Amino acid sequence: MTAADDLEGLLRDLAPRVLAALVRRYGHFDLAEDAVQEALIAAAEQWPDRGLPGHPRGWLITVASRRLTDELRSEESRRHREEAVAAEPGPPAIAAPAGEPAGDRDDTLTLLFLCCHSELSRPSQLALTLRAVGGLTTAEIARAFLVPEATMAQRISRAKQRIAAAGASFAPPPAGEWAGRLAVVLHVLYLMFNEGYAATSGPDASRPELTTEAIRLTRAVHRSMPEDAEVAGLLALMLLTEARHPARTTPDGGLVPLAEQDRSLWRADLIEEGAGLTSGALTRGPLGPYQLQAAIAAVHAEARAADDTDWRQILALYDLLERVAPSPVVTLNRSVAVAMVNGPQAGLDVLATLEGDGPMAGHHRLAGLRAHFRELAGQREAAVADYQLAARRATSLPERRYLESRAARLAGDR
Amino acid sequence: MKYMLLIYQNPATWRDLPEPDRQAIMSEAGALMAELTGTGEWVGGEALADPSTASTVRVRDGVPAVTDGPFAEAKEQMVGYCIVDCETRERAVEIAARWPDARLWGMEVRPLLSPDGVEM
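Residue numbers (this note's numbering), protein chains in the order written: chain A, 1 to 414; chain B, 1 to 120.
Honestly, I wouldn't trust all of these hints.
As the list claims (entries may be wrong) - From chain A, some residues computed to sit far from chain B (all C-beta separations above 10 Å): (1) G9; (2) Y26; (3) G58; (4) E82; (5) E140; (6) R143; (7) G167; (8) P257; (9) V324; (10) M340.
Claimed, not checked - Label-pair ranges, simulated between beta-carbon atoms: (11) D357(A) - R15(B): 56 to 66 Å; (12) G106(B) - P246(A): 38 to 48 Å; (13) A31(B) - Q345(A): 51 to 61 Å; (14) A165(A) - R89(B): 24 to 34 Å; (15) R25(A) - A24(B): 48 to 58 Å; (16) T37(B) - G254(A): 28 to 38 Å; (17) R79(A) - A24(B): 30 to 40 Å; (18) G176(A) - E46(B): 48 to 58 Å; (19) R98(B) - R79(A): 32 to 42 Å.
Hints were generated in silico from the structure; no laboratory data involved.
Bear in mind that the values here come from a model prediction, so they are computed numbers and not experimental data.
We treat Cβ as the ideally placed atom computed from N, Cα and C, and that holds for glycine.
Generate the whole structure from the sequences, applying the supplied hints.
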């Protein structure tokens, strides 16, 4: 870890706390967020030369406050000018609630609730969370999602306008809404992780790692509410999945399936932490989908070799998952465990339930698994055709390459 | 998820349209682009010069052969494209359906292949 990484880490940790301090003092979430970004940039420029200030957080709050008050003053004079033309009220500011200031950790959580506001689309929630809570710049977020910076800037500013228009306040949700709002935050963090995990090490080395960011933010939520089993479960799921990262791709960017990964490359430190969190969460309950997915990942992680995998236990966990949070994706993944325990035909029978006109019917993963089960069942011709079908349906280049090579390997086997 | 919307026109029909109609089509597309920029879905796009200005290049046995005109001989030709980043395919189709060219000719909606992927 270099000094630059240390500084970046410090700034990202401070970002949500500085923003919370500003919003609490002045309201105006959207303007405060811009001011904090400017203060972070100033710090990144000045601190390496002049040394760390005595109170980094105080420094950032002072600089950001100055920018914000300047901005508010110029807004005010602009409004005065405009009021002469049209007397139209601006968007309502995000009022700070009257009450005692909460701790820093709760501030991060409160900001997450705000950035994952239900008025926002998923892409907007992701972008705003990365900027306002994660402290990433718009350019970095744009690179992570492979879109132009202007597109991302627009998404973020629109998200802030929507939050202001919704009259959202900088306060934790009321008790009755807490669980539902937390579920949205966790889902956004889960999507952020998945987006990062799918990023294969392509030519763009400057692409920031969303997995790191998702884990960091989920850790922050876990610190705020260590007793919540689903938060712990999500963090565990991320760690156990990230542990496979070094083994999941070939040097040329090809994908290595779970069964063929070199397990000695899996990160033992992440597995240990993830497995510990999982068993802690499962004993605490109540049971939820993230804990169950983490438990499944932990069973995979425990197997020294693919052949040692305890598929019966994985199937039992999928049965539970399907009861707790049924979805076509869960059924699709469960079919693998069914095939491994009860044979490929049983797996094909499960897939058949998804083949109607549901959301999975045209999905390349359904065709890919059908191909895999048919291959296991010795139906080579049908398996080749299904691998080819899956390759045609894939919208991911590495996944298409993988499916094409499976088809070619099997077809050449005769 | 990113989609390319390929805009198809019949250049002969386009030329035969009255000038106000052509202007209306252009400004309708312009307004749509502005709207998509506003929603944060617009990634980029370009218009192409007339298909008659195209050169088609084929290399056979190491020898390049260049012919005038577009690759596919058809009445409708691709005259431009845009790339949008939206949540669902349905949304991409909805955008394509609002493109003025869709009423007169056709739009093709194609998902881009993502460089990202997850092992199976």
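Hint-by-hint comparison with the structure:
1. At the 10 Å boundary, the C-beta of G9(A) stays outside the reach of chain B, the nearest C-beta of that chain being 25 Å off.
2. In this structure Y26(A) is separated from chain B by more than 10 Å, as the shortest Cβ-Cβ distance comes to about 26 Å.
3. Once the 10 Å rule is applied to beta carbons, G58(A) is consistent with being away from chain B; the minimum gap is 35 Å.
4. At the 10 Å boundary, the C-beta of E82(A) stays outside the reach of chain B, the nearest C-beta of that chain being 21 Å off.
5. Once the 10 Å rule is applied to beta carbons, E140(A) is consistent with being away from chain B; the minimum gap is 16 Å.
6. The claim that R143(A) is not at the interface with chain B holds, since no C-beta of that chain comes within 10 Å of its own (minimum 13 Å).
7. Remark: the non-interface label on G167(A) is consistent with the geometry, its nearest Cβ contact in chain B lying 21 Å away (cut-off 10 Å).
8. Chain B draws P257(A) into its interface by the beta-carbon criterion, the shortest separation being 5 Å against a cut-off of 10 Å.
9. At roughly 23 Å, the least C-beta separation between V324(A) and chain B is larger than 10 Å, which holds for a residue marked as non-interface.
10. The non-interface label for M340(A) is consistent with chain B: the shortest C-beta to C-beta separation is roughly 14 Å, beyond 10 Å.
11. Take D357(A) and R15(B): their Cβ atoms lie about 43 Å apart, and the range 56 to 66 Å is violated.
12. Taken as a hint, the range 38 to 48 Å holds for the pair G106(B) and P246(A), whose Cβ atoms sit roughly 47 Å apart.
13. Checking the proposed 51 to 61 Å range against A31(B) and Q345(A) shows it holds: the Cβ atoms sit about 56 Å from each other.
14. Evaluation of the 24 to 34 Å hint for A165(A) and R89(B) yields a pass: the beta carbon distance comes to about 29 Å.
15. Taking 48 to 58 Å as the suggested C-beta distance range, the pair R25(A) and A24(B) conforms, at roughly 51 Å.
16. Distance hint check: the CB atoms of T37(B) and G254(A) are about 37 Å apart, consistent with the given range 28 to 38 Å.
17. One distance hint, 30 to 40 Å for the beta-carbon pair R79(A) and A24(B), holds here, with the actual separation near 37 Å.
18. The given range of 48 to 58 Å is respected by G176(A) and E46(B), whose C-beta atoms sit roughly 51 Å from each other.
19. The beta-carbon spacing between R98(B) and R79(A), approximately 35 Å, falls within the hinted interval of 32 to 42 Å.
Hints 8, 11 from the list above are not met by this structure, while the remaining hints are.
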